[in-house]
Structures are given as structure tokens and as C-alpha cells.
Amino acid sequence: MNKFFTKNRDLTQKLGFSLLTLMTLMTILPIIATVIYIIVQGAPAISWTFISDFPREGMREGGIIPAIIGTFYLTLGTAIFSVPLGIAAAIYLSEYAPENKATRLIRLAIINLAGIPSVVYGLFGLGLFVLFLNFGTSILAASLTLSIMTLPVIISTTEEALRAVPQSFRTVSISLGGTRWQTIRKTVLPQALPGIITGVILGLERAAGETAPILFTGAAFFLPRLPHSPFDATMALPYHLFVISTQVPEMPIKIQYGTALVLLVFVIGMNALATFVRGRARAKRQW
Amino acid sequence: MQKDLNWREFLITRLIKFSGYSAIIFVSMIFFFLLKEGLPALSEVPLGDLFSTRWYPIESYYGILPLISGSILVTVGAGIIAVPFGIGVAIYLAEIAPRWLRNMLKPLVELLGGLPSVVLGFLGILILSPTLRVTLDLPTGLTALSGALLLGGIAIPTVVSISEDALDAVPKSYRDAALALGATRWQTIWRVTLPAARSGVLTAVMLGVGRSIGETMTVMMVTGNAPILAKGLGDLFSPVRTMTATIAAEMGEVANASTHYHVLFFIGLVLFLISLAVNMTASAIVFRQKKRAERVLS
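Residue numbers (numbering that gives the first Met the number 0), protein chains in the order written: chain A, 0 to 286; chain B, 0 to 297.
Do not rely on the hints blindly, as some may be mistaken.
Derived coverage of chain B by chain A (criterion: at least 3 residues anywhere in the stretch with Cβ under 8 Å from a Cβ of chain A; other residues may be distant) [said to hold, decoys possible]:
| hint | stretch |
| --- | --- |
| 1 | 5-12 |
| 2 | 93-107 |
| 3 | 138-149 |
| 4 | 208-222 |
| 5 | 271-277 |
Distance condition first, Cα-Cα at most 25 Å in a straight line; then the derived DMTMM-like pairs of lysine to aspartate or glutamate [said to hold, decoys possible]:
| hint | chain 1 | residue 1 | chain 2 | residue 2 |
| --- | --- | --- | --- | --- |
| 6 | A | K13 | B | D175 |
| 7 | B | K171 | A | D9 |
| 8 | B | K16 | A | E98 |
| 9 | B | K289 | A | E159 |
| 10 | B | K289 | B | D164 |
| 11 | B | K105 | B | D164 |
| 12 | B | K105 | A | E159 |
| 13 | A | K13 | B | D167 |
| 14 | A | K283 | A | E98 |
| 15 | A | K100 | A | D9 |
| 16 | B | K35 | B | E249 |
| 17 | A | K253 | A | E60 |
| 18 | B | K171 | A | E56 |
| 19 | B | K289 | B | D136 |
| 20 | B | K289 | B | D175 |
| 21 | B | K16 | A | E159 |
| 22 | A | K185 | B | E8 |
| 23 | A | K253 | A | E56 |
| 24 | B | K230 | B | D136 |
| 25 | A | K185 | A | E159 |
| 26 | B | K35 | B | D48 |
| 27 | A | K253 | A | D9 |
| 28 | B | K230 | B | D48 |
| 29 | B | K35 | B | E252 |
| 30 | B | K105 | B | D167 |
| 31 | B | K289 | A | E98 |
Hints were generated in silico from the structure; no laboratory data involved.
Heads up, the beta-carbon is just placed ideally off N, CA and C, and yes, glycines get one too.
Please model the complete structure; the sequences and the hints are all you need to start from.
What follows is the structure, given as C-alpha cells:
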């Protein structure tokens, strides 16, 4: 057997390469098909009414504006908490942290934070923000929950961007009399900015598409008006898609696909933006 | 002026250091709250009842074995799909595809990882489940198999992304040496490149599978949510219910601090510990590999 394969090793290689190519096609094609299918099925539902009106007739007619605005608020709220904290933590790891046990523990914590199931974040948010701190099911509680979930993504991508800035940039700044913080703020951060923005967008993209963490911390089944304060609950696109595809009987399929398409545009749009920022920065990089 | 500057520098340094430690604080807080709300379940439900096979909270049956078996079944199914496909695609991208194609395809695969799980669940309900029901002639398409297929799809990007990085990081000299000795590219991949990258690939598999256990919305939407004890891979064709789906489906309707509430937090605690174990092991593998690499290089 083995001899056969050794003799026919060119044939083996050909077969093997074909198999791997086939596997790649079987992975890639469904992704493309999925995206195209949702666009084709969802496009007829998209109209000005659909993206600017409230749901009517038990959500079977009208638009999805409260869900769109809600997802926007949640993403914004997540950004407010997780971006400063995440960037600061990354600065610590890249610029200050000594190589010791404590730092290794921080890194381990970040890895674990990234792996905790989203529904467990939901439980934590319920226990801490909704009940213990008494924020109620609210945009605030949901945003805080999503922030902690997003944190590891922002920390690791930002740290990578900071580390990519050549050491010589720091040396020059410090030799000119800059303090450590001045060096970071005026030299390292501006150079790493595109990388940081890319990481932040990717983190927020994940937050915008999540359902499980907001299920019991801030998402509302249906609201006849927009939220007025951070202490109000809100509708959100992913939760709305879940609701209309499982909880509402006789839901018109068109509206379901329309909602899926809007969510997809939201997420893919952010993804494309991140890719664009990264690509442009690479082209303009000074080192 | 100088003093002012020192003060600011001091304050900012402190703030940054505090932020740096925030990850530890959050993991501890999550653990603490799960313990606080989950451990009372152990005193309220006898251990024998908790680890029994009947989950029917309305009549106070809190056996979590069906949920654990459901999670395991769906995850194993997802692994059977995601491991060969994930590694296969990673090898194709890193070793076979020309550079331009790799640069085009890798973001596409990562896009799959970015698709909200609720969108995949939605398509699962509308397309995958009906198709499976008809082609396999099942009474319902909402089965563990639907969940496993979709979860496999969700895990693939993680496996591809990390394994591809690991394969890419294998020094070119390794391949050159193998090729110079007369090996074909195929032999080089299997006997040199892949073994050299094995710890990265193993990490990728662990993280991909870890992500499947924790996935919630997709499985809740497509697995049929029947808390029946799964005994083997044959149960892939019947409905199951996972730990994550149970929490997501029931937490909204329980009274605070009730037994049911505590049991759901206890399930959350089990999930947390599983993810902790998976991630600790994965990072231990990476750490050990790093040490070995340093030894080899020095």
C-alpha cells in the first residue's frame, strides 16, 4: 500500500490537492450563496416605509425603525464603555506591563473572557447590572454587558496595532525629552490609530449582531415608541429577527428576510469599513 | 509646570494600569456572580435529582443530564464537520492557493464568523431544516443534526483562521529542506509543515469546538428544544436541547431567586467552567510550544 503511494506520489498529490480545493469550495460557496440569497429575498421588502416606520398589526406590517435605532444605541453604548477601557488596557499591556506572572494572568484573563459563551454574559449582566445595581432591563445594562464581551477583541487587536509601531519611534520621542505618556499619546497612538480603529469596528460589529447577551438585560419584544433614556429597554435588530422568525405566528416571510438583510448590511458594512481602514493604512504606512 | 506634568503622568499611568487589570476583575466578577446565583441550586435541589434525566421545571424536575448530553451531541457533530473542513481549508489557503487567492478567500471565511448567529438560525429554520426533513424523511427537520451542521459552519472560521496563521508561521526553510530532499509538496505538507504547526492547529480546534459549546441562538432556533437524553450519535436525527438554549429560552420567564432561576445560573456556571477549561488548555499548549520554539532557536 505504502509503496503504491510512494510510486504514485504525483497522483496522490493531485488527488489531495483536488480534495482540499473541493473542501474550500464547499466552505466558500455556501457563504457567498447565503449572502446573495438574503439580498435577493430581502431586497423586495426594503422600502422607505420599512426602514422609517414602526411595526404595525402585531409586527406583520410596517417597518422596523425601533429595532434599527435600538441596535444603533446599543452599539454606541457599547463603544462608550469598551473603547476607552479596551485601548487603555492595550496600552498597559504593550507599553507598560513587565513580563511577569501578573501580566501573564492578565493575558490569561483576556483569553478566557473571549471564550465565555454569550449567554453566560447575559446571565452575568442580569445578575450584576439588572438586579444587583438595579439598572433594570435597559439600554445601560445591555450596553455594559456587551462592552465586557467586546473588551477582549478590542484589547487584543489594539495591542497588536501598538506593538507593530517600530521601537525606534519611541526611542526618538523619549530622547527628545518626551515623557512616557507623551510618547504614547503623540507618537505611538497616532501611528497605531488605523489598526486600533479596525479592531474597534470588528469588536463593535460582534456586539451589534449579538442576541443572547441582551435577551434578559435590555431587549424588548415590542415597543410602541423609541427609548427616551438609557434606563429604557429597547428593541434591537438581532432580537427582532429572532422574535419574528420564531415567536410570531403567520409572520410574512418578506418582512423576515427584509429584517435579516438590514442586519446583514449593518454587519457586513462594518466589516467592509474595517477592511477599508486597514487597507488604506497599510498603503500609507510610514515604516 | 514640571510638577503639574508629573502629577498628570502619575495619574494617567495609574489609570492605564488599572484598565490593564480590568480583564482579571471582570472574569472574577463573572465567576463570583455565577457562584452567588448558581450555588443555591445545590442546596435547593438534591444532587441526585440535579444529575438525573428529566428536565421539566414546571413540575420541579431539574435533571440537567439531557441538556448536557444535548450540548455534547451537537458539539461533537459540529466538530466532525468543522475539524476536517477547517484544517483542510487552512491547508489550502496557506500551502496551495496562490497568494492573491488566499488574500481574497480568507476575509470571506472570516465573514462567515462575523455573521450574527441569529441570521444563521433564521436560515436554518427556513431552508436547512425543511431540506433535511424532506431528504432524510424525518418527522421534523428541527434536530440535533441541523444544529450540528450550522454550528460546524460557525466553528469553521475560527479553526481556519488560527490554523492558517499557524501554518503560515512555519519557517520557509522547513519546506525548502523537505522539497530539496525530493519530497512532493503534498508530502511536505503532511510530514513537515502540518506537524510543525500542530500546536497552533490543536489550539484552533479547541477554540473552534469551545465556541460551539457556547453558541446559543442558532441551536435554540434549529434543534427543536426537546430535553430528551441523547445516548449516541444516532440521536442526531431527533430534537435535542442544549444547556445554552435552555438558559436563553427559560431565563426570561422565571421569578428571581426561585429554584428554577438558581438552576439556570448553575447551568451557566457549568458552561463557564467548561469554557475556562478549554481556554486554559489551549493557552497552555501555546505557551509550551513557545518555550520549545525558544529552546530550538537558541
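Proposed proximity, B:D164 with B:K289 (alpha carbon, max 25 Å)
At roughly 15 Å apart (the allowed maximum being 25 Å), B:D164 and B:K289 satisfy the hint.
Checking one constraint from the list: CA of B:K289 to CA of B:D175, max 25 Å. Satisfied?
At roughly 23 Å apart (the allowed maximum being 25 Å), B:D175 and B:K289 satisfy the hint.
Tell me if the straight-line CA distance from B:K35 to B:E252 falls inside 25 Å.
Status holds; Cα separation ~20 Å.
Is B:K105 within 25 Å of A:E159, Cα to Cα?
holds, 19 Å
Verdict on chain A covering the stretch 138-149 of chain B, criterion of 3 CB contacts below 8 Å
Result for this restraint: violated, n = 0.
Are the Cα positions of A:K253 and A:D9 separated by 25 Å at most?
violated, 52 Å
Would you check chain A against the stretch 208-222 of chain B, counting CB to CB pairs closer than 8 Å, and say if three or more residues qualify?
With 8 residues in contact (Cβ-Cβ under 8 Å with chain A), the coverage given for the stretch 208-222 of chain B holds.
Count residues of the stretch 93-107 of chain B with a Cβ under 8 Å from any Cβ of chain A, then say if the count reaches three.
holds (count 5)
Would you mind confirming whether the straight-line C-alpha gap from A:K13 to B:D175 stays at or under 25 Å?
Holds. A:K13 to B:D175 sits at ~20 Å (cutoff 25 Å).
Per-stretch coverage check for the stretch 271-277 of chain B, three Cβ contacts closer than 8 Å to chain A:
holds (count 4)
Hinted pair B:K230 and B:D136, Cα distance within 25 Å:
holds, 21 Å
Hinted pair A:K185 and A:E159, Cα distance within 25 Å
OK: A:K185 and A:E159 at ~18 Å, within 25 Å.
Checked against the numbered hints listed earlier, the structure breaks hints 3, 14, 15, 18, 19 and 27; every other hint is satisfied.
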